[in-house]
Every structure is written in C-alpha cells, then in structure tokens.
Amino acid sequence: MDKTLRRWAPLFVLPALICFIIAFLVPMIMGLVLSFFKFSTVTDGVFVGWSNYKRIFTDMDFVTSLWMNVRFTVVTVISINILAFFLALLLTQGVKGTNVYRTIFFMPNLIGGIVLGWIWLLIINGILLPKNATIITDAKYGFWGLVALANWQNIGYMMVIYIAGIQTINRDLIEAAQIDGANSWIRLKSVILPSVMPAITICTFLTLTSGFKIFDQNLALTAGNPARQTEMLALNIYNTFYTRTNFEGVGQAKAVLFTILVAIIALTQLAATRQKEVEA
Amino acid sequence: MKRKYIALTLLITLLVAVSGFSAGTKEEAVKEVYFLNFKPEIASVYETKVAPAFEAETGIKLKVVTAASGTYAATLKSELAKSSPPTIFQTNGPVGLAGSLNYVSDLKNTQFYKILSDKSMALTSGDQVLAIPYAVEGYGLIYNDAIMRAYFALPNKKVSIKSAEEITSFALLKAVVEDMTRNKDRLGIKGVFASTSMAPGNDWRWQTHLVNVPLAYEFRDKGIATGTKTDNFEFKYANEMKQLWDLYLDNSTTARGLLGSKSVDDAMAEFALGQAAIVQNGNWGAAQILGVQGNKVADKDIKFMPIYIGVKGEEHDGLNVGTENYLCINSQVSAEKQALADQFLTWLFSSDTGKAIVKNDLMFITPFNTFKDHELPTDPLAKEVIRWMNKDGVSSMPWAFSVIPSGQWKTDFGADLGQYINGKMSWSDVAKRAVASWKTEYDLTK
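So the sequence lines, in the order shown, correspond to chains X and P. Note that the first sequence covers residues 531 to 810 in my numbering. Note that the second sequence covers residues 148 to 593 in my numbering.
Among these hints, one or two may not hold up.
[Unchecked claim] Residues of chain X placed beyond 12 Å of chain P at every Cβ, according to the derived structure:
#1 Phe554
#2 Gly627
#3 Asn639
#4 Leu703
#5 Ile704
#6 Pro728
#7 Ser740
#8 Ile790
#9 Thr803
[Said to hold, decoys possible] Quick list of in silico lysine-lysine cross-link-like pairs, DSS-like style, CA-CA up to 25 Å:
#10 X/Lys568 - P/Lys229
#11 X/Lys584 - P/Lys586
#12 X/Lys568 - P/Lys538
#13 P/Lys186 - P/Lys208
#14 P/Lys538 - P/Lys519
#15 X/Lys584 - P/Lys224
Keep in mind the hints are simulated off the structure, nothing from the lab. Positions of the beta carbon are idealized from the N, C-alpha and C atoms, including for glycine.
With these hints in hand, go ahead and build the complete structure from the sequences.
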C-alpha cells in the first residue's frame with residue numbers, strides 16, 4: 531500500500547504543482563527579474579541594474595505609505611484580536627442562540643473587499659453628512675474608516691479560530707483552578723490565555739499579514755485620498771505600476787521590497803509567539 | 148491492478164486536458180481586427196452596431212474590448228503583453244504615446260492617414276506618423292438657457308445685460324452668477340453650478356480641463372506652440388484660476404465639505420434635472436444629459452459658453468477645442484493584421500454605413516475630409532461646438548494640457564485642489580506645489 535502510494539504520489543501532486551508553478555512561482559521569479567528592468571509591458575524590457583530601487587526614494591510617497599500602513603496594522607492587529615477573543619469567550623459560555631451569533635459574526639468575512647468598501651463608504655459618508663464632510667475630507671476619517679472596516683471583516687474569522695482554541699481546553703483544568711480559589715481574571719490570565727496561545731499565534735500572523743496586504747478595501751473606501759494620505763503599501767505599488775509612465779520597474783522594485791519586508795515581520799512574529807506556546 | 152487502471156485513466160484525462168488547452172490557443176486564422184476601446188460610454192455602439200455592420204460588409208470580424216472607466220492604461224499594458232494583442236489601441240497624446248513607443252507602427256502610408264484633413268493634427272516622430280486623431284472635442288461651460296432666460300426676466304436682477312449670450316468676461320459671469328445665487332429659490336435651482344465633483348477619479352474636469360485655461364494663456368504669452376513639451380511653467384494665471392474656482396465652490400448645489408462624494412455623473416444629473424444652471428464639461432457629456440431619466444432640459448436650451456477666468460481680451464477666446472483621442476496600430480502584430488486594421492478604420496470613417504454610425508451613434512466631430520457638412524453630428528452640444536469653432540471674432544483655445552508632464556502631476560494637483568476645498572491648504576501653496584511638481588515630473592519623464 532505504502533509502496534504504491536509512493537510510486538504514484540508524484541502523479542497526484544502534479545496538477546497542484548502545475549497550478550502552483552503557473553500562478554505563483556513563475557510570476558514571482560518574473561517579478562524579481564523585472565524589478566531590474568525598465569519596461570512598459572512585462573514581456574519586453576531593458577536591463578537597468580539597481581536603478582529602479584534607487585528611484586523608489588526619489589519621492590517620499592513610499593515611506594509615507596509605509597508609515598500609514600504600520601500605524602494601520604498596529605491598530606488593527608490589537609483591536610481585531612482583542613475583540614475577537616472576547617467574542618469567542620462570550621460565545622463559549624453556553625449562551626442561548628450561540629450558533630446563530632457565531633454565524634452572524636462570521637458572515638462579513640464572506641463578502642469581498644470591494645463590496646465591503648462601498649458599503650462602508652455609504653455608512654461613513656452618511657455619518658459624516660451632518661458635519662458637512664465626507665470620508666476624504668480629512669485623513670483621520672479615512673484612517674478610522676479603514677480600521678472599522680478591517681475589524682468588521684476580520685473579527686468573525688479570528689473569533690472562529692479562538693472558539694476552536696477555547697473548546698480544546700480541558701474542562702478539568704478550569705475546574706481545578708476554580709477549586710483552588712482562582713477568580714475569573716486569574717483563570718483567564720493563567721489558564722485560558724496560555725492554553726490558546728497557538729490560536730493567538732495564528733491569529734496574530736493572519737491579521738498582521740492581512741494588515742500589510744490590504745488593497746481592495748483601501749481602493750474602494752478612500753483610494754488613498756485625501757492627497758494620498760491614506761494610501762497603503764499595496765495601493766501605492768499598484769498606483770506606481772499602473773498610473774505613472776515609465777515607473778513600471780519602480781513599482782516592481784517596490785513590490786519586491788514589500789515582499790521581503792512582510793516576510794521578515796511575519797517570521798519574526800511567528801518565532802516570538804511560538805516561544806510562548808505551552809503544552810497543556 | 149484496479150488501482151493502476153484508475154491511475155492510468157487519471158493520467159490520460161490529465162494529458163487530454165493539457166493538450167486541449169494547447170489546442171485551444173492555436174486558433175484558425177480568422178480574419179479579425181482586435182480593437183481596444185477607450186470610451187466605455189459608447190462601448191455598446193461598437194458591439195451592437197459597428198461590429199455587425201463591418202462584418203456584414205467585409206466579412207472581417209471586429210473584436211471590441213472596452214476597458215472600464217479609468218483603467219485604460221492598465222488594461223492596455225496587460226493586453227499588449229498577451230499572445231494575441233490588440234491591433235488598434237488608443238493613446239491620449241504625446242505623454243501617453245511615450246509609454247507605448249515600442250508598440251506603435253508608422254501610419255504614413257495608410258489609407259486612414261490619407262483621409263485626415265489637417266495632417267498637422269497627427270502625432271509624429273521624425274518623419275513617422277504614429278497616432279491619428281479620430282474625434283475633435285470641445286468643452287466649456289454648458290448652461291441651461293431656460294434657467295438663464297428666467298433669470299434675465301427677473302424684475303430685480305442687478306446686471307444690465309439681457310441674455311447669457313452677452314456674458315463675455317469673468318466680471319460679467321461673476322455678477323450674473325452671484326445674483327442668480329441670491330435668487331436661487333425664485334429660479335427653482337439648488338445652486339448655479341453643478342457639484343464640483345471631487346470623488347476619487349472624478350476630478351479630471353479640474354486638474355486637466357480647468358487648468359488648461361491658465362496653461363493655454365501662459366503658453367500663448369510665452370510663444371510656446373501647442374503640443375511642445377516644456378519645463379517653462381510658472382503658473383502665471385494662478386490667481387485668475389482661483390477666482391473662477393471660488394466662484395464654482397461658493398455658488399454650487401453642494402456644500403464644500405461634501406464634494407468629496409460627488410462624481411461627474413452626479414453633476415451631469417443635477418444639470419439634466421434642472422437643479423443647476425451651469426456645468427463645466429464637454430460635448431461628450433451630451434449622452435449623460437439626454438440619457439438621464441426625468442431629464443428636464445430641452446435640446447434647444449443646452450448651450451455652451453467659454454470658460455472665463457478674468458484674463459484681458461478673453462472675449463475673443465472660445466471653447467477649449469482639441470483632441471485627446473488618437474488611434475495607434477500595433478507594430479508587433481503581423482503586417483496582414485495591420486492592413487486589416489487600416490481597412491477597418493478607413494471603412495468606419497469613409498464608407499456610408501460607417502459614417503452614418505459615426506454621426507448618429509458615436510456622435511464624433513471627426514477631423515476627416517470624408518465628412519460633408521450635413522454629416523456632422525446633430526446632438527445639441529456638438530452643434531454648439533461647431534458653432535463656436537466657426538464664430539466670427541472668436542478663436543478656440545487649444546488643449547494645452549496635452550503637455551502636462553505626467554499623469555502624476557494631474558493626480559497631485561487634483562489632490563491639492565481637494566485640500567484647498569477642505570481648507571487644509573492655501574491657494575498660494577497649491578500654486579507653488581503645482582510649479583515644483585511640474586519641474587520634478589518633467590525631469591523624471593524626460
């Protein structure tokens with residue numbers, strides 16, 4: 531049985547492998563190579579060495595969008611995880627109608643980013659109407675609008691992961707703590723939190739990377755306005771590549787930098803939170 | 148044994164599927180012209196009228212793909228990289244052309260170039276003809292003459308002139324507009340000017356079209372010919388532009404803070420519904436006025452006046468007339484396909500069937516010698532553009548904005564105009580940044 535499996539395994543891996551190569555590996559390598567070329571269409575370019583990377587910093591927009599992105603990610607990682615965790619706690623107490631609530635909280639996750647962007651655009655512009663303002667009147671409206679949207683979209687998904695984590699905690703452990711006189715705060719801090727550490731690791735990873743990769747929500751909600759103050763990295767790269775003549779290579783170079791940056795941040799975070807995981 | 152059969156079947160299925168894909172790409176050599184259309188508002192005309200008529204008369208298929216509004220550059224970039232790229236595509240002028248130089252063929256010997264009346268309108272490089280304009284357009288202030296007549300009939304009006312026709316300077320325009328605002332309830336309008344649309348992607352009426360007026364005056368003063376790239380820009384008429392900009396904002400249907408949510412469509416709808424008396428736009432907007440449900444403006448009341456900003460002698464200047472619509476033929480497709488493209492374009496702009504569609508459905512004012520006077524479009528705005536082009540003692544303003552160094556300049560300028568509206572930037576900063584950014588972008592794209 532094992533032998534046959536091993537013999538035929540490559541065949542069954544093949545379709546997925548082909549897809550992976552076509553949709554991921556080839557574009558990635560092409561992207562890397564193209565970042566050293568001056569080009570207008572991706573099949574035809576001239577080698578220019580590091581010049582694209584140098585031109586990234588001819589203006590400050592990449593740095594400002596990086597800073598905007600960092601602020602956004604910090605705020606959303608914290609708010610999404612805290613809110614999702616407490617929702618999960620709430621919905622594992624055996625409240626009536628738990629399943630209905632879980633479904634409702636999860637639903638925003640099933641709507642695409644562009645649609646969510648439009649919906650929130652309407653909501654926020656409606657709220658700002660009495661102030662005679664719109665979401666692009668002031669950068670802070672755009673920032674908090676994006677934060678609200680990201681929370682609304684991601685809390686449900688993270689909640690499901692936390693619920694799974696909480697449900698795996700051995701009931702005996704909590705009961706034992708209760709008998710030893712631990713109040714609910716101590717139980718949360720010393721029993722529940724350490725036990726759901728794997729869920730925290732994965733949720734932080736997901737929210738951190740999605741915070742940096744956010745694109746369609748950004749495009750639909752503010753499109754970077756006012757004056758590019760709410761433009762985050764992915765949108766900045768897109769705008770560089772598509773709206774500036776002769777900047778295609780620069781956009782590509784930005785994309786390579788972006789990939790490296792996100793990889794470093796995500797791997798560091800994984801290593802850091804993994805250390806805190808315990809065996810229960 | 149059985150498992151082997153299953154595996155074998157799977158393998159065969161896979162192989163068949165893969166070979167199916169490769170067979171699918173090897174198309175039969177159908178005679179086909181692939182046209183990447185720029186104007187979403189007339190996409191359906193190409194699909195339902197032009198393509199069937201062309202195929203019926205010549206047996207050649209026309210494949211039309213239209214890029215969604217605002218995404219032409221992106222679509223063109225990815226389509227050109229494909230194995231069957233577009234044969235005909237559009238460019239917006241010298242700056243856009245610079246981005247696709249490797250893909251434009253020399254049109255000097257085409258039939259299409261021969262029918263162009265004024266050969267100087269084509270975009271050239273050395274002795275090569277690279278892009279040919281296909282539609283002349285004009286823009287200015289579109290006004291609803293019915294509302295204007297109602298205003299001029301008011302007993303308490305404060306101006307001495309008697310009709311909108313007599314407005315020939317910024318001073319007169321301002322006097323009329325401000326007096327109209329005072330009487331807006333009696334006139335039944337929400338504001339004199341339709342919303343100054345500043346929603347993302349909707350600020351081109353200002354960062355390209357309005358700024359053209361100060362640009363054109365400055366270049367005229369300096370003797371810089373239209374279409375010549377220059378770094379000599381100091382925004383000499385910034386304050387004149389500000390006068391009109393403030394007039395737009397202070398006499399609008401919409402409060403300043405809310406303009407960020409308004410699109411061009413909103414502004415055109417306000418005009419069509421009679422909520423505003425004046426809107427700055429071009430003859431391409433005809434369909435947007437006539438096509439609005441509940442449209443209250445009669446065809447004969449849709450009129451044009453030039454954009455006056457308060458420059459001396461502006462009574463002799465007309466509408467802003469020019470073109471941003473050039474066609475190129477892809478140099479990287481086979482010679483046979485290039486010839487078919489020429490055949491299509493010549494057919495569209497010189498055969499009787501083609502010309503009828505151009506006049507009635509596409510509504511282009513064309514620069515080709517194949518069109519007689521009675522074959523010009525008849526929608527109210529196009530008629531107005533033609534009237535202004537031929538008006539005595541008035542000459543049209545050129546489209547100086549074609550030499551704005553990059554799209555980035557427009558984006559940044561539009562953003563700054565928005566910051567000014569929201570009180571976050573002073574006008575002198577807007578002007579200073581526009582000059583500085585012009586230099587930077589000029590150097591970057593040299």
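Okay, the hints, checked on the actual structure:
Residue placement check: X/Phe554 keeps its beta carbon more than 12 Å from all beta carbons of chain P (closest about 18 Å). Consistency note on X/Gly627: stated as away from chain P, and its beta-carbon is indeed over 12 Å from all of that chain's, at 38 Å minimum. Every C-beta of chain P lies more than 12 Å from that of X/Asn639, the closest at about 26 Å, which supports listing it as non-interface. Even its closest Cβ contact with chain P, about 46 Å, leaves X/Leu703 beyond 12 Å, as expected for a residue assigned away from the interface.
Residue placement check: X/Ile704 keeps its beta carbon more than 12 Å from all beta carbons of chain P (closest about 49 Å). The non-interface label for X/Pro728 is consistent with chain P: the shortest C-beta to C-beta separation is roughly 37 Å, beyond 12 Å. Look at X/Ser740: its CB is around 23 Å from the nearest CB on chain P, clear of 12 Å, so calling it non-interface holds up. Residue-level check passed: X/Ile790 sits 25 Å from the nearest beta carbon of chain P, beyond 12 Å.
Distance to chain P confirms X/Thr803 as a non-interface residue, since its nearest Cβ pair spans about 37 Å, more than 12 Å. Of the supplied pair hints, the one linking X/Lys568 and P/Lys229 holds, its CA atoms being roughly 18 Å apart against a limit of 25 Å. For the hint pairing X/Lys584 with P/Lys586, the CA-to-CA distance comes to about 19 Å; that is within 25 Å, so the pair holds. Annotation: proposed proximity of X/Lys568 to P/Lys538 is violated, straight-line Cα distance about 48 Å (limit 25 Å).
With a C-alpha separation of about 20 Å, the suggested pairing of P/Lys186 with P/Lys208 holds against the 25 Å cut-off. Our distance criterion of 25 Å between C-alpha atoms is met by P/Lys538 and P/Lys519, whose separation comes to about 19 Å. Distance check on the hinted pair: X/Lys584 and P/Lys224 sit about 24 Å apart at the alpha-carbon level, within 25 Å; holds.
Violated hint for the displayed structure: number 12, the only one.
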